[in-house]
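Given the sequences, and given the hints that come with them, work out the whole structure.
Protein chains in written order, with this note's numbering: chain Y, 5 to 279; chain H, 75 to 318.
Take these hints with a grain of salt, some might be off.
Unchecked claim - Among the chain H residues that face chain Y by a calculated CB cut under 7 angstroms, a handful are: (1) Arg182; (2) Glu185; (3) Gln186; (4) Asp188; (5) Ala189; (6) Ala192; (7) Leu193; (8) Gly194; (9) Thr318.
Worth flagging that the hints you see were computed from the coordinates, not collected in a lab. Just so it is clear, CB atoms sit at the ideal spot from N, CA and C, and this is done for glycine as well.
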Amino acid sequence: MDSNVPAILRFEDVSLHYGPTPAMDHLSFEMRAGETRIVFGAAGAGKTTLLKAAVGLVKPDSGRIFLFDEEITHLQEHDLFDVRSKAGFLFQEGGLFDSLTIAENVAYPLLNQQGRAPTNGTNGTEEKVREALRFVELEQTLEKYPDELSGGMRRRVGIARTVVTAPPLVLYDSPTAGLDPITAYTIVALIVKQREVRNMSSILVTYRYQDGHLLANFRYNPNSGRVEAASQDHSGQEGFKTTFMVMEEGRLVFEGSETELRSSRDPYVTKFVKR
Amino acid sequence: MEAFQDFIILSVQAFRNVFRSPHYSSDIFLQMDIIGVGSLPIVMFTGFFSGIIMGMQMARALAMYGAQGQVGQIVSITLVRELGPVLTALLVTGRNASGIASELGSMRVTEQIDAMRALGTDPIQKLVTPRLIATSVMLPLLTIISDCIGLFGGFLMAASLMNITSSEYWTTAYRALAYNDVVQGLLKPLVFAIVIALVGCFYGMRTAGGTQGVGRATTKAVVVASLWIFVLTALIGRVFVFLT
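Here it is, written out as structure tokens:
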């Protein structure tokens with residue numbers, strides 16, 4: 005990717021320990037605007053901690069983190085809200101507020117985000133909520149509560165809430181974990197669709213190779229409204245650069261393209277590649 | 075020690091947010107409804123029967139000294155200074171400190187609080203400060219209602235067991251109260267309210283360990299808040315004795 009493209013997220017030698025266990029061990033990488041990053045790793049490898057540290061939800065023991073060119077490493081909670089409003093975060097189980105309806109959940113960032121200019125009246129908010137839910141094909145669930153939806157539907161609502169403010173960067177924490185293959189495909193297809201329709205940079209934490217492969221090689225076709233293999237109709241279209249990362253016990257043990265990932269001989273890295 | 079430091083930090087942030095935008099007024103009114111209106115029946119019931127029991131016991135004790143006429147005075151002082159604020163606070167602790175701790179604890183273990191932070195909202199501003207304001211407004215009001223109903227319960231016993239007239243009961247009850255009794259009776263629920271809200275929020279916000287952790291947080295919140303209520307009522311009572 006063009007080095008003139010600004011870095012939107014940078015980790016410089018970041019370490020964090022939970023007790024004696026390292027969650028991030030001298031982690032360094034740089035992500036540029038328009039890029040998609042896929043993070044693989046076993047349970048406890050530090051993937052979720054990486055995402056949380058990226059938006060200041062956890063503080064590193066050492067190292068520096070830059071988000072949208074602003075160092076967030078030592079920012080106080082209150083000073084983080086502005087920069088956080090530029091990054092969407094989808095939690096593993098959706099993180100929906102169970103006492104709010106689906107419409108209220110999706111409207112939440114529009115109405116409550118500190119530092120955000122208020123949306124134009126109730127109608128403006130309602131229209132944005134409907135649009136976001138239409139995007140994930142759940143417009144009919146407006147008045148339902150999260151516990152009335154299936155796991156896959158809750159994550160789709162989570163995606164709608166994450167992207168309703170159109171943040172330039174979205175972080176997905178294992179959005180397909182525990183889902184059947186069909187629902188998992190639907191979720192990743194939605195991520196591909198929103199990435200390209202809204203031109204968002206994304207980091208996706210997963211342990212499923214298929215998710216990364218889909219994001220790296222498939223594109224959303226606005227004419228057919230479907231996600232299709234990039235080589236078929238979109239070979240000439242400029243793609244979103246996809247970088248794969250593999251974490252092991254807090255360390256970044258691999259960073260590169262899908263081709264490089266597939267040709268890696270590292271026994272740990274190869275466990276995440278479906279050949 | 076670390077927990078106490080965390081509690082102080084949370085308290086300072088919660089109080090600072092009272093004067094800081096944004097103010098989530100709809101959350102404050104919702105909590106006022108849950109804490110205040112929701113606790114009203116049980117507070118009225120307890121206040122009424124504490125007045126009745128006190129009137130009944132005092133009728134026997136005072137009859138031994140031929141001082142039945144003082145029943146209004148004794149019921150009034152005991153209720154306004156101590157029993158009203160403490161009983162009401164303990165009821166609200168059982169009902170609301172546990173409710174706050176379990177609600178916030180569940181939000182904690184299901185990542186809803188982290189989601190709130192990630193969505194750019196301060197959870198202390200959104201969750202703790204509205205509960206602090208709502209409890210601080212509603213508990214003194216509940217205590218006043220409890221005191222009044224308790225006095226009425228005492229009157230029913232005084233009238234039925236000791237044939238004391240309405241004017242005699244209410245006059246002695248009213249005259250027994252000095253300025254510092256009323257101040258004490260209103261200051262205590264305000265201090266208790268702050269303790270109930272902050273202790274409930276504190277244990278809720280630091281819940282860990284899944285659903286079992288939520289249960290533990292709820293129990294701790296009720297026990298710790300109840301203990302503080304007893305300690306503080308003794309301390310405030312001592313200060314007022316010293317001042318007068």
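* arginine 182 (chain H) as an interface hint toward chain Y, with CB separation required under 7 angstroms -> 12 angstroms, violated
* **Hint validity - alanine 189 (chain H) Cβ closer than 7 angstroms to any chain Y Cβ** => 3 angstroms, holds
* To do: Using 7 angstroms as the Cβ threshold, decide whether alanine 192 (chain H) counts as touching chain Y.
  => Cβ of alanine 192 (chain H) sits 4 angstroms from chain Y, so the hint holds.
* Given hint glutamate 185 (chain H) near chain Y, where the shortest CB pair must fall under 7 angstroms -> 5 angstroms, holds
* **chain Y contact restraint for leucine 193 (chain H) - C-beta distance below 7 angstroms** => Since the shortest Cβ distance to chain Y is 5 angstroms, the answer is holds.
* To do: Hold the hint about aspartate 188 (chain H) up to the distance rule: shortest CB distance to chain Y must be less than 7 angstroms.
  => 6 angstroms, holds
* chain Y contact restraint for threonine 318 (chain H) - C-beta distance below 7 angstroms -> 44 angstroms, violated
* Holds or violated: is there a CB of chain Y closer than 7 angstroms to the CB of glycine 194 (chain H)? -> With a minimum Cβ separation of about 4 angstroms from chain Y (threshold 7 angstroms), the hint on glycine 194 (chain H) holds.
* Status of the glutamine 186 (chain H) interface restraint (C-beta, 7 angstroms, chain Y) -> At 6 angstroms from the nearest chain Y Cβ, glutamine 186 (chain H) passes the 7 angstroms test, so the hint holds.
When held up to the earlier numbered hints, the structure conflicts with 1 and 9 and fits the remainder.
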